[in-house]
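Residue-level listing of the chains:
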Amino acid sequence: MSNQTRMNVTVTEVVEVNSLIKRFRFVREDGGAMPGFSGGAHTVVEMDDNGTRRLNAYSLMSDPADSSGYEISVRRDDSGRGGSLFMHKGVKPGMKMVISQPVNLFGLDLRARKHLMIAGGIGITPFIAQMAQLDSLGHRFELHYAARDADLCAYGAELSARYGERLHRYYDVEKQAIDLANLLKTQPIGTHLYVCGPKGMIGWVLSTAQKMGWPKGALHSEEFLAPPVGEAFTVQLSRSGVSIDVGPTQSMLEALEAAGIDAPYLCRGGACGQCECKVDAAEGEILHYDHWLSDDQKAAKTHIMPCVSRFKGERLVIDL
Amino acid sequence: MSLDAPFKDPFFRDESFFGDYSYRNSPHAVKRFPFPFPEDDYMYSVNMEPHVKGRPGSVFEHYFDVDEHYVSEMRDRARVLEQDPLRCQSLPHMTLAGWDLLELIMEKFAEDYPHWFSLTKDGNRWHWINRPLGIDQKFTFLDESTLPYGPFEYITRQAQGDFTLQDQREDNLWIEAGMVTSQADWSLDFDIGMNFHEWHAPVPLAHQMGIFDRALKFLLALQYGAPVRRFNWTMTVDPLLDTSPENYPKWGPSKTTMTPETIGQRQHLRVELQTLIRLPRSNAICFPIRCYLISLDDLVTQPKWARRFHRVIRGLPDELATYKGFIRNKPMILEYLARFDDGAPTSPGWWPED
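Line order of the protein sequences matches chains A and B. Sequential numbering of the first sequence, starting at 1, is according to my numbering. Sequential numbering of the second sequence, starting at 321, is according to my numbering.
This is chain B alone, in the form it adopts within the complex (with noise of 0.2 Å):
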């Protein structure tokens, strides 16, 4: 397998979400991002819904969205584990959840985006093409040793976005595995082995509102075959994905070098698709969270979203831009976004032409 194959497909940009931040989004990406917020107030919500297709086009149309950033992405995390191996963990009786990841991800890339990936199965002998990575492999499904990694780090060094394994047990969900290079500050090597309530900690409000009881009753519940999906968003300066505790002294430090004029070009709304899904050998439930980010330049050019952003960022309780990390730019956030709210209505619902 080889990284450095040069990009065939001109369908994938070349870019980096790191030193010269090349990272942009296309008009066709920009039209597409999944702006998280369907009114003009936020507050938090289990929000669940049904993972099921959407819109053609849509980050929806797709059981996994696999976008012009997939290259980058896979090279982004290859450099970032590279650096540090602990992005990847998998406690040993997390190997058979891999494997159910394994077969879920190759799946669903070879159905959904055939001129991209294929895989045929004669048993447990499988042959797998990764046409973008240049990647070619046979191997022996449930037999690690076939493989240059373990499965669940061998499949998640070719999707994007991080995720992670939630082993179920004493009625409660235990974080044991996880890929996490593209995450909005938490760290995996911190939280491995921690339970539901445990790795909820950090987050303000929510605790008391009951809701973390609510979604792990839910989740306990969630069934094969019935995948359910939520938003999360922050904001994050340069398009940088690797925004992780562990690298803090390299990233915090931006957040004070903003100014008026560069804000609408570095500062990014992160926004993250989460979805849950029991796999099927394991009972495990596998917790993708894929990270798409947006400059407020190229947000604004919507001009509901312009309007709805705005107002939503004012409305934040302050608890909440704190959590997210960006109190201390929030009123430089809001004099940009001001200037594009004239106040009109929007329509309810994310989609940007509705």
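Here chain A stands alone, though its shape is the one from the complex (with noise of 0.2 Å):
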């Protein structure tokens, strides 16, 4: 036996859903079983985009009692770093790959007496995880889905057929809202409330629910936060001495990777706090891009989340 946090499997699925999805199934190459995971939980996938190693967490979307693979959806952003565009254009059935074991961030509280759960657009993947998880358990659930049109409402007529009344599903551009504050007023006590979309479906979700008492405990978000672009940078590292360059579709973390750095991670997302590094100096603005450091963390330069935070200045030197 020896610690594996990662997987060698085999691609044997990928399916076109709508014009910006695409679904990949992984199976594992040894023929071996799955772990089985919990409703909520990513899988980072290691690339190889033409030299470039870029590592991308995506919810697993598939049954979590399914253990013969594992599926994700992966939606293409034709104006970010490349990771999307390599999975939409580079990876084909048959081919060899790497993924992490399941990691959750976004975890089901099982205390609920009921999870009332609102997706937006690709933020719906680690919902229909978490809806399989909870339908074999027999909890009660209901899931509020928005996104632009039909045909971008990924999976959502296949969910509306097994779930009935239980899926509710918004198009924009009916100019169908969901009526927020009447559904957070109608929810039992003991009801959690599950988020996951664009940040401004987030921040609103999150603010109402506050604004109406709810407690802090039963709130749970996660965002889709792509390492953002920018402009290139460079880093030193205080105790190694050297320099990094970071491209302008390189995170730090990737640039640290790639120059042979074994840098602590987890969600790559800006979440989770893993990489969380010291700052020595910094001659500029860091721009901070992540959801775990304090506004006063940020406002006093004193640490960076290597993941997603860039850096635009004179000079940057981090405790690593």
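In case anyone wonders, no lab produced these hints; they're calculated from the structure. Fair warning: there could be bad hints in the mix.
As the list claims (entries may be wrong) - Below, computed lysine to any residue pairings styled on SDA-like, alpha-carbon distance capped at 20 Å:
1) B:Lys537 <-> A:Leu266
2) B:Lys644 <-> B:His527
3) A:Lys114 <-> B:Thr415
4) A:Lys278 <-> B:Ala535
5) B:Lys644 <-> B:Asn492
6) A:Lys216 <-> B:Lys644
7) A:Lys301 <-> A:Gly230
8) B:Lys624 <-> B:Arg634
9) B:Lys441 <-> A:Gly32
10) B:Lys441 <-> A:Gly36
11) A:Lys216 <-> B:Glu490
Now that you have both chains on their own, put them together as the hints suggest.
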């Protein structure tokens, strides 16, 4: 037995779900069973994009009880750094890839009397696995799913067929909107609220719930934060004494890894706090994109999250 | 299931952990005892290492160690539970984590000890055989009604060591299930529902050292497939597994009855091999706390351990000896151990003969 947090897998299916989204299925290369996982978990997919190593986290959307394979859905981001483009253009059935064991930063609270879920766009994926798990456990849940139109409401029709009145769909083009205030007002005591989608939606749902007096412990969110692109910059590492260039479509974490530095990480999306680094000197502006550091820490320029945050200025030195 | 079935395999000792205390370690068990001190002094540390398979014959050989005390320990657990059913509790939302643990233990036992345990699966219809305990159980995975107990209690009645299950939420861990019958003076009934800092509150010194903040951050990121382990230790008079606060009046006074004549036989080093494992379906963390007991008389048969243990106890701060419950007998223990410490250097690491 050796400790293993990565798995060698084969891509067995690539399915075009709609004009923006493709679904990928992975099975283990050795034919073994995939580990069970908890709804809301993600896997980190390793990509070799023409020599650039990319590691992107994607929510697992297959049924957690299905140990024959894992499925993810990837939304193509034409202006992004290239990870989703690589998945869309470069990944074909039969390809060998490496993915991480599941990690869950958006877990269900199984104490809840009811699970109220709000999804925006591709934010539907963790809920697909969560609903499968809740359904088999016999838990009460309800999902409200907003998308631009019926085509981009991926899996909407199948989910409606499976879950009936527990599923509610809203299309922006038809000016349908979630009546959030009313929805939150009419939930039974002990309901937990989960939201996954674009930043604006998460902010709207959480702030509305907080204003209405929902307890903080009953609110759960996960934002799909890809490392933003930006201007190239250089970071100096005080302990190892090296300087590393970070390219415009590369995150600082990826640049560190490319230089052979084994930096800790889990989510690669500014949420989990694992990659937090102390800043020794910052002559310039740290572009904080994470949800981890407090506003005070961000303003004080004492810490940085290399997975998503960038720098603009003369000199950045971090304690690594 | 019958725990009164005769012990068919002579490997398993028929012994007691109370009353006449017939518990003994065979010479083989002494040699493989997990002596927890890699150097001559001891201070708190998180001291985690990956839980990977180690030396053949050692307690690290398998994922879970099943040793010669297995059958008698399980009989002792059943006895304690009969007197106090609250030693096993699982809050309702932890049932799924209980199934995760049941699967893990059954799979690892069957894989590592195929001559004693077997698990066959046909979808969710499972067949479990535990030969040492005389159990033959067909059941449906994830269907509680097909087992005589809930999944957590069912499987931890068949596995040595205490177990707790921690739910993860709000960037904290919450102890919300436990099977606790061989504990070093802590109470599940008191701790259940507490978070990481709350249940560690009684530990001296470590909070100020920031150990718990670092340990929590580490554990929140504990990954599936990458379990870790550490040792803890204390001292116990007589080989009593159930040193519980609930039963303190029964065992506490034993500390006052030890004499220089009986100390070698009665004073035991109590070692806990603690493992931390991320569970798959529930995302909970399982914490097996496996207790090993060795009398001072047996411990000093290994010259390196005898020398080192004397030095560790001699250098231990009084706060720690108090917390570990042996400050009263510390001078007597030191007097006993000093006879086996000639001052010669010891080799690094905990193996007796390296």
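Hints versus structure:
Only pairs whose Cα atoms come within 20 Å are accepted, and lysine 537 of chain B paired with leucine 266 of chain A is accepted, the gap being roughly 12 Å. Restraint check for lysine 644 of chain B and histidine 527 of chain B: satisfied, since their Cα atoms lie roughly 16 Å apart, inside the 20 Å limit. Between lysine 114 of chain A and threonine 415 of chain B, the direct Cα distance comes to roughly 17 Å. Compliance with the 20 Å bound is thereby established for this hinted pair. At roughly 19 Å between alpha-carbon atoms, lysine 278 of chain A and alanine 535 of chain B fall within 20 Å of each other, so this suggested pair holds.
At most 20 Å may separate the alpha-carbon atoms for a hinted pair to count; lysine 644 of chain B and asparagine 492 of chain B exceed this at roughly 26 Å. Distance restraint check for lysine 216 of chain A and lysine 644 of chain B: the Cα-Cα separation of roughly 38 Å exceeds the 20 Å cut-off, and the hinted pair is therefore not satisfied. With a C-alpha separation of about 19 Å, the suggested pair lysine 301 of chain A and glycine 230 of chain A falls inside the 20 Å cut-off, and the hint holds. As the CA atoms of lysine 624 of chain B and arginine 634 of chain B are separated by approximately 16 Å, the hinted pair is consistent with the 20 Å bound.
Taking the CA atoms of lysine 441 of chain B and glycine 32 of chain A, the gap is near 15 Å; set against the 20 Å cutoff, the hint holds. A distance of roughly 15 Å separates the Cα atoms of lysine 441 of chain B and glycine 36 of chain A; the hinted pair therefore holds under the 20 Å criterion. Between lysine 216 of chain A and glutamate 490 of chain B, the direct Cα distance comes to roughly 9 Å. Compliance with the 20 Å bound is thereby established for this hinted pair.
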